[in-house]
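For reference, the chains in residue letters:
Protein chains: 6
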Amino acid sequence: MTLINQLTAQDEFIGFYLIRELTVKQTNGNPPKDYFDITLSDSSGQLNAKFWDVSKTDKETFFPMGLVKVQGLAHTYRDRLQVKIMKMRLANEEDGVSLTDFIRAAPVRPVDLVHAIRQAAAGIADPQLRSIVEFCIRKVEDKLMHYPAAKSHHHNYYAGLAYHMTRMLEIGDFLCRQRPFLNPDLLKAGIILHDIAKTEEMTAELGIVFDYSVTGKLIGHISMASNWITEAAIRLDIAPESPKVVALQHLVLSHHNLGEWGSPVQPQTAEAVALHHIDAMDAKLQMVEDALDTTPDAEEWTPFIRGLENKAIYRQKL
Amino acid sequence: MTLINQLTAQDEFIGFYLIRELTVKQTNGNPPKDYFDITLSDSSGQLNAKFWDVSKTDKETFFPMGLVKVQGLAHTYRDRLQVKIMKMRLANEEDGVSLTDFIRAAPVRPVDLVHAIRQAAAGIADPQLRSIVEFCIRKVEDKLMHYPAAKSHHHNYYAGLAYHMTRMLEIGDFLCRQRPFLNPDLLKAGIILHDIAKTEEMTAELGIVFDYSVTGKLIGHISMASNWITEAAIRLDIAPESPKVVALQHLVLSHHNLGEWGSPVQPQTAEAVALHHIDAMDAKLQMVEDALDTTPDAEEWTPFIRGLENKAIYRQKL
Amino acid sequence: MTLINQLTAQDEFIGFYLIRELTVKQTNGNPPKDYFDITLSDSSGQLNAKFWDVSKTDKETFFPMGLVKVQGLAHTYRDRLQVKIMKMRLANEEDGVSLTDFIRAAPVRPVDLVHAIRQAAAGIADPQLRSIVEFCIRKVEDKLMHYPAAKSHHHNYYAGLAYHMTRMLEIGDFLCRQRPFLNPDLLKAGIILHDIAKTEEMTAELGIVFDYSVTGKLIGHISMASNWITEAAIRLDIAPESPKVVALQHLVLSHHNLGEWGSPVQPQTAEAVALHHIDAMDAKLQMVEDALDTTPDAEEWTPFIRGLENKAIYRQKL
Amino acid sequence: MTLINQLTAQDEFIGFYLIRELTVKQTNGNPPKDYFDITLSDSSGQLNAKFWDVSKTDKETFFPMGLVKVQGLAHTYRDRLQVKIMKMRLANEEDGVSLTDFIRAAPVRPVDLVHAIRQAAAGIADPQLRSIVEFCIRKVEDKLMHYPAAKSHHHNYYAGLAYHMTRMLEIGDFLCRQRPFLNPDLLKAGIILHDIAKTEEMTAELGIVFDYSVTGKLIGHISMASNWITEAAIRLDIAPESPKVVALQHLVLSHHNLGEWGSPVQPQTAEAVALHHIDAMDAKLQMVEDALDTTPDAEEWTPFIRGLENKAIYRQKL
Amino acid sequence: MTLINQLTAQDEFIGFYLIRELTVKQTNGNPPKDYFDITLSDSSGQLNAKFWDVSKTDKETFFPMGLVKVQGLAHTYRDRLQVKIMKMRLANEEDGVSLTDFIRAAPVRPVDLVHAIRQAAAGIADPQLRSIVEFCIRKVEDKLMHYPAAKSHHHNYYAGLAYHMTRMLEIGDFLCRQRPFLNPDLLKAGIILHDIAKTEEMTAELGIVFDYSVTGKLIGHISMASNWITEAAIRLDIAPESPKVVALQHLVLSHHNLGEWGSPVQPQTAEAVALHHIDAMDAKLQMVEDALDTTPDAEEWTPFIRGLENKAIYRQKL
Amino acid sequence: MTLINQLTAQDEFIGFYLIRELTVKQTNGNPPKDYFDITLSDSSGQLNAKFWDVSKTDKETFFPMGLVKVQGLAHTYRDRLQVKIMKMRLANEEDGVSLTDFIRAAPVRPVDLVHAIRQAAAGIADPQLRSIVEFCIRKVEDKLMHYPAAKSHHHNYYAGLAYHMTRMLEIGDFLCRQRPFLNPDLLKAGIILHDIAKTEEMTAELGIVFDYSVTGKLIGHISMASNWITEAAIRLDIAPESPKVVALQHLVLSHHNLGEWGSPVQPQTAEAVALHHIDAMDAKLQMVEDALDTTPDAEEWTPFIRGLENKAIYRQKL
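Protein chains in written order, with my numbering: chain A, 207 to 524; chain B, 207 to 524; chain C, 207 to 524; chain D, 207 to 524; chain E, 207 to 524; chain F, 207 to 524.
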């Protein structure tokens with residue numbers, strides 16, 4: 207079975223794929239005929255595909271996020287590889303394929319990632335900070351098991367958000383050992399809370415962001431998390447203006463560093479400065495690693511990466 | 207009694223003034239002698255003054271925010287007018303002067319301003335929006351009676367914040383009549399809440415901002431107000447994620463329009479767009495009016511005004 | 207007769223529409239055949255349409271800005287709704303349709319708008335200011351009856367420019383009452399003159415801007431209006447350097463507020479500051495209102511609006 | 207007689223100097239005494255000076271822009287060289303000194319500069335362009351003999367504006383020979399008109415700008431020159447909207463290249479692009495030359511130059 | 207034979223052209239058929255062309271950069287002119303056409319340009335500066351004969367780089383005569399070296415840039431030239447930290463003027479300031495001249511030019 | 207003996223201090239008298255001091271960077287603490303004080319820092335990379351023992367540069383373990399070389415930068431290091447255009463990330479992205495730590511820190 211990122215023009219192939227997007231369209235002929243404009247994907251990438259002359263049954267059978275067995279032909283159309291689907295049927299139980307094999311995912315099991323995050327939260331010594339963090343985790347624990355960290359910017363895959371948190375916790379641990387003037391409780395709490403409201407800011411399934419929620423657009427994950435901290439404090443009988451609550455809110459609100467990047471205040475505590483740099487370092491290096499991983503080995507350069515000043519990365523081989 | 211903005215070099219004068227700031231300093235002589243470096247003010251402006259050779263009693267008598275009777279001499283020092291204080295004593299009851307006569311204040315009585323704001327709040331038809339707005343007003347009602355709207359940017363005087371709100375409510379009323387597609391409830395609520403947390407962001411007395419609070423620096427009045435709305439909702443048993451709560455938070459969070467001006471999200475509802483423009487129009491026109499008012503009539507140009515692209519305003523007389 | 211903004215995929219329909227644009231193209235076949243690529247419009251919006259296999263007669267019959275009766279089929283092509291025209295003929299007198307029914311227009315009759323503008327001009331107390339304003343109005347009065355205020359930015363429809371002026375005059379009236387330090391003569395004059403040269407900067411018909419004139423590109427409406435004021439002064443025997451002329455030119459030149467927005471000087475009089483904010487408020491709120499009006503009711507969000515920091519507006523329903 | 211840029215700390219000296227600025231101030235003593243705070247200058251530079259214990263007669267004798275004979279002592283005060291004036295009297299006829307010896311001036315005689323400009327204007331082949339240019343020159347010919355090109359930015363000395371024009375005409379001549387596609391008439395006209403209204407934008411004497419005029423602040427020299435071209439056209443019976451008039455206005459309006467540098471339109475003709483680059487090249491190279499000339503030979507680096515990205519220039523000696 | 211920039215829709219034509227790009231593609235039919243997507247060019251411009259139903263032999267015959275004789279039909283497709291190729295064969299010896307007739311080139315023979323550059327280098331009086339410059343010229347002399355100065359920005363044609371250098375040398379000569387304080391040796395050296403490493407930064411043939419080299423992307427021509435100067439110094443036994451080496455490196459490193467334009471340091475010597483302005487003036491005026499030359503005479507406006515603030519240039523005819 | 211950061215107004219004290227700066231000045235009296243304007247410092251901070259009525263002997267005795275015993279009085283002058291020196295003499299051998307006790311220094315011994323750097327270099331597996339790195343270290347090894355990393359931005363103290371490198375090497379080690387796709391040889395080399403040319407860019411003694419060198423200003427440490435790598439390659443017989451040399455130069459040239467921050471190219475390899483983030487993280491966190499350390503414990507907020515968006519840091523105590 208050929209992986210999508212290994213298809214080349216003129217390949218005929220048979221294999222299982224995920225229908226990531228599917229739209230019924232009409233040809234420009236007279237009379238126009240219906241066809242499917244499809245995005246096929248597997249764990250290695252995705253491709254545009256056409257399925258011509260679809261029947262009424264086809265239209266009742268195939269939907270986005272369905273697994274299918276495809277016989278197809280890869281060819282070049284307007285400089286890009288495209289698939290012409292010759293035959294297609296839904297995958298069934300006997301095929302022994304499972305949806306999660308067809309999506310990109312963090313390289314660590316979600317259950318292990320969420321466990322690491324809960325462990326870190328449990329390790330916060332201050333009971334008030336700990337209880338606020340745990341309140342927020344409980345609010346979205348299910349989503350933490352699978353949410354990506356962004357639509358496309360970075361960690362945009364299954365459990366990408368939890369993976370981002372976990373790696374940041376590792377860097378945070380190292381930094382607290384290297385620089386004892388940092389408060390480990392605050393840094394852990396900041397790492398866990400900084401992006402936690404992305405779970406409500408975006409709607410995602412299988413690691414794929416489909417849209418932003420109304421609340422996500424109108425408030426944004428930064429202010430949403432700040433509001434959650436207020437809510438946690440009130441529900442847990444902690445004064446919402448007390449220094450610990452303010453400290454947590456400051457961490458969350460300032461972590462994008464600059465107003466034009468969405469932070470209404472700039473980092474003004476040691477831990478807030480550290481949080482911003484840990485976040486940037488993990489996000490940027492993961493972008494680099496993921497870009498190199500998903501670029502064919504034969505290519506010297508990755509595609510341009512928006513989050514890296516729109517530069518391509520060179521695959522250095524010395 | 208000469209008003210401060212009417213003193214000119216070589217004037218000898220006697221009058222009552224407010225000591226706005228007072229520091230004990232030493233001359234550079236050998237031995238150094240103590241003197242007072244003072245900011246004298248009245249309702250028309252302020253001036254630097256020196257009181258030489260102060261005694262131990264003087265140091266126990268005079269403090270910032272005290273009213274004093276001064277005999278002085280105005281002279282020019284390094285291109286600026288300065289006062290040499292010849293004699294000074296504390297004002298007493300017989301003098302019949304009152305502190306509030308010596309500070310700049312909004313041109314409407316605070317009690318009337320706060321009444322107008324409460325009336326506007328009471329006029330919000332939707333009971334949930336109304337109750338959240340009234341919860342926030344109750345939180346800071348005392349401070350609304352006297353807080354300025356800013357340290358120096360605009361409406362920086364006694365009850366300046368309430369005056370800003372009241373004038374904005376007038377513009378809002380006009381706009382809702384001119385453009386019925388705007389929701390008057392939301393616009394009123396947004397106007398009342400947009401700057402309300404400035405009362406906790408800054409520490410002020412008599413219309414003078416002395417500093418920003420720790421919470422003010424770490425969170426900022428925009429996010430503080432958003433958190434207050436969450437708190438109000440929870441205390442009033444309204445779901446903190448419900449559309450009305452989000453709508454109010456959106457108004458507050460977006461009212462500075464751009465990230466680099468401190469808003470984590472940009473206006474995305476009709477009322478949020480309106481709120482931003484009402485706020486800008488009132489603030490800028492008040493800066494112009496106040497600058498013209500406090501510039502001596504003989505001057506064609508006001509000083510440079512930071513909030514107006516650092517331009518001076520020309521006193522047009524056609 | 208179905209309005210364009212109510213068509214959905216698979217609708218077959220008959221109705222009258224305006225041909226807003228028409229190009230003869232060839233298919234990619236061998237031999238290539240001619241077809242029409244058409245933009246159909248009515249007062250509710252516009253759509254791309256194709257008319258296949260056009261004859262020599264067709265090419266001599268149909269032209270842009272012609273009214274036609276169309277029998278068509280709406281279908282989706284590349285994610286957008288498109289019309290396939292089955293039959294088409296020119297509208298004739300018996301059809302009883304009139305061009306002006308098919309274009310977007312200001313919600314007030316042009317004759318009333320221009321009347322209001324002339325009334326405002328007549329209400330300028332100062333005879334020199336009034337005569338300069340009236341000179342400029344006379345220069346372009348015909349165009350004021352129908353010109354839009356912009357190609358697409360805001361008020362981009364029949365009589366949009368006059369509607370913009372009229373609404374701004376209403377806001378100006380309110381502000382002069384609220385803040386008596388503003389000079390109503392100057393504010394009225396500034397509102398009427400600020401965009402008046404757009405009538406020569408752009409070429410427009412039926413509220414649609416087709417292009418910018420050479421003078422419009424090389425000089426721009428801001429400097430053109432400044433030159434008109436000089437011309438008016440000379441023709442009316444007013445010294446072109448006199449304070450009133452300079453005051454009017456300052457209003458026009460500064461109304462975009464910043465150099466990067468096209469103003470060579472920044473507002474430095476009270477009325478210039480007011481003019482900029484009135485202009486911004488009216489333009490932005492009209493963008494919001496028009497976007498909400500032309501977005502199907504079922505849509506929660508308008509398209510992205512370039513003039514509003516490229517944000518979409520949420521249709522708030524509380 | 208010691209030139210000002212050759213004084214060093216502890217020098218006692220006698221010489222003639224110009225009083226560029228003079229203010230009467232009071233010492234901080236009790237009673238305060240009057241003294242003069244003076245800026246002394248000659249053709250080589252300027253220095254701050256104090257004249258203590260001035261008499262009533264002194265105050266009636268000495269004024270800004272007067273020539274004086276001074277006996278003084280140079281010393282260091284707060285890291286800067288300062289002069290203590292021991293004796294001072296007005297220069298008289300017998301002294302044989304003349305004001306123009308004491309100011310910085312262009313290295314070419316004003317009469318020759320203005321002659322060169324008039325020659326260039328006379329050399330414009332097109333009679334309409336020529337007559338407009340000559341109309342504008344006539345308007346300000348007296349001021350061209352002595353005006354500087356700016357307050358401090360570049361060519362800030364006697365006849366600096368005419369020197370700037372003349373040098374630009376030389377570069378323009380060269381470019382038209384190197385690149386025949388450029389229109390020499392337009393380029394000459396653009397060079398002569400581009401900054402001509404600086405003569406009314408600023409008030410200057412002896413090559414020193416004292417202030418900006420009200421019209422200069424409210425309109426700016428760019429729009430003033432555009433208005434003058436309109437005026438010239440009308441007075442000379444040329445249609446103010448004719449292509450030649452528009453071409454000249456485009457040159458003037460666009461010569462600062464970008465909106466944030468004050469140009470309401472950007473260069474869109476070959477000559478306008480050339481004009482901008484000739485202007486920039488001459489202004490920047492003159493800044494460099496003047497900075498090197500007025501920096502003591504012993505110094506490797508000039509002071510920081512605002513117009514050169516605030517960089518200092520290194521005096522290269524290879 | 208019709209030049210490409212003179213073809214209009216519906217023209218049938220026969221002529222010789224260069225295949226600048228060629229890709230084999232498939233039609234969207236069932237089964238898909240192969241066709242050529244071709245960029246045809248001659249010295250006057252280029253056009254997209256399609257050659258349908260290509261055979262196996264065709265695919266073995268036609269390649270990019272081949273000269274062909276074409277019988278074709280020009281038609282409009284999606285608003286742009288396109289060519290449908292009816293017949294096509296390779297050019298042969300009898301046809302008497304030569305590749306260099308079909309590419310855009312500088313208006314001066316390469317051999318003359320390189321001669322002028324070598325003359326200028328030979329005219330550098332200082333032996334060390336001269337030998338470093340000549341070392342760098344020798345390194346890339348072959349490429350100087352044909353390299354363009356950029357992919358598309360300016361001088362993007364055969365020998366464009368040498369033409370750019372030569373014209374800059376002319377301006378530099380003029381400036382050194384006009385302003386004797388400039389050092390002609392340094393200015394000549396700076397002009398010759400400033401872009402010389404573009405020959406290794408980009409890969410180009412026949413004046414067409416195909417790509418950037420890995421070293422070009424990772425280091426850039428500015429730092430490459432700086433490194434070459436270090437190399438030249440060491441190979442020529444000149445101390446790499448000596449003032450002359452530093453002076454040359456400063457010229458090269460600073461010539462883009464600002465950090466955001468790629469210069470790690472800003473101009474800080476007279477010659478560096480001059481070099482930047484000579485470079486900008488030549489590049490911008492050449493963009494204007496080339497745009498006017500390659501825009502059909504009937505067009506009033508050139509296309510938008512990225513290097514000129516994305517403005518179009520108006521073809522002024524007075 | 208009182209540390210400088212523990213002095214308060216009115217303290218009389220005796221102790222040993224370093225004269226960091228000393229200027230002879232004159233009082234404004236008649237006749238003026240000489241006095242010393244001194245910057246006193248110790249390891250805890252620095253203060254301005256005056257020593258009045260200095261004798262000829264004093265002027266021959268006291269110089270910058272001399273150790274002195276001082277009897278003084280601390281007092282407030284213009285809102286800042288200042289010292290009036292009553293008595294002062296040079297420290298002598300019996301006093302048992304040593305210069306290095308009076309300067310700020312990295313918290314690790316220089317010899318240990320340089321040892322760690324040499325160890326890291328020795329650990330580079332690739333012999334060519336290792337030999338280039340060691341060549342550059344040898345060039346400046348002496349200076350590495352004491353140079354600061356910057357004039358004031360960060361690590362501005364004795365051996366600050368080596369401390370910066372060492373801490374970055376620790377972070378680099380951690381990252382290479384966390385993310386095996388990074389090449390440890392390149393990362394180590396990049397960390398050691400990125401700022402190494404600061405030793406020639408600035409002139410420093412005892413951890414204090416006095417100035418930038420001419421080469422430092424004209425070339426900058428980034429391009430200087432790139433040139434050193436070229437030099438090292440040539441001297442070590444490695445081709446200066448070989449991939450390893452280019453890889454090292456890319457790391458150095460891109461480490462400031464953006465053109466406006468001084469990098470002529472942006473990071474385009476995984477290690478270059480990592481290097482930038484390690485550098486930023488170490489520099490910023492050290493600024494925070496140093497600011498908190500040097501701010502009196504009683505102060506809640508540090509001064510504003512230019513390198514942290516000009517924000518003050520709050521001393522969080524939960």
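Derived by calculation from the structure, the hints in this document are not laboratory data.
Check before you lean on any hint, since a few could be wrong.
As the list makes no split between identical chains, a pair holds if one copy fits it or if it spans any two.
[What the hints assert, rightly or not] With a straight-line cut-off of 20 Å between C-alpha atoms, the simulated EDC-like cross-links for lysine to aspartate or glutamate are:
1) Lys349 to Asp379
2) Lys256 to Asp240
3) Lys290 to Asp240
4) Lys357 to Asp217
Against the structure, the hints:
1. Lys349 to Asp379: Answer is neither; intra-copy 25 Å and inter-copy 33 Å both fail.
2. Lys256 to Asp240: both (11 Å within a copy, 18 Å between copies)
3. Lys290 to Asp240: Both, since 15 Å and 15 Å are each at most 20 Å.
4. Lys357 to Asp217: neither (31 Å within a copy, 34 Å between copies)
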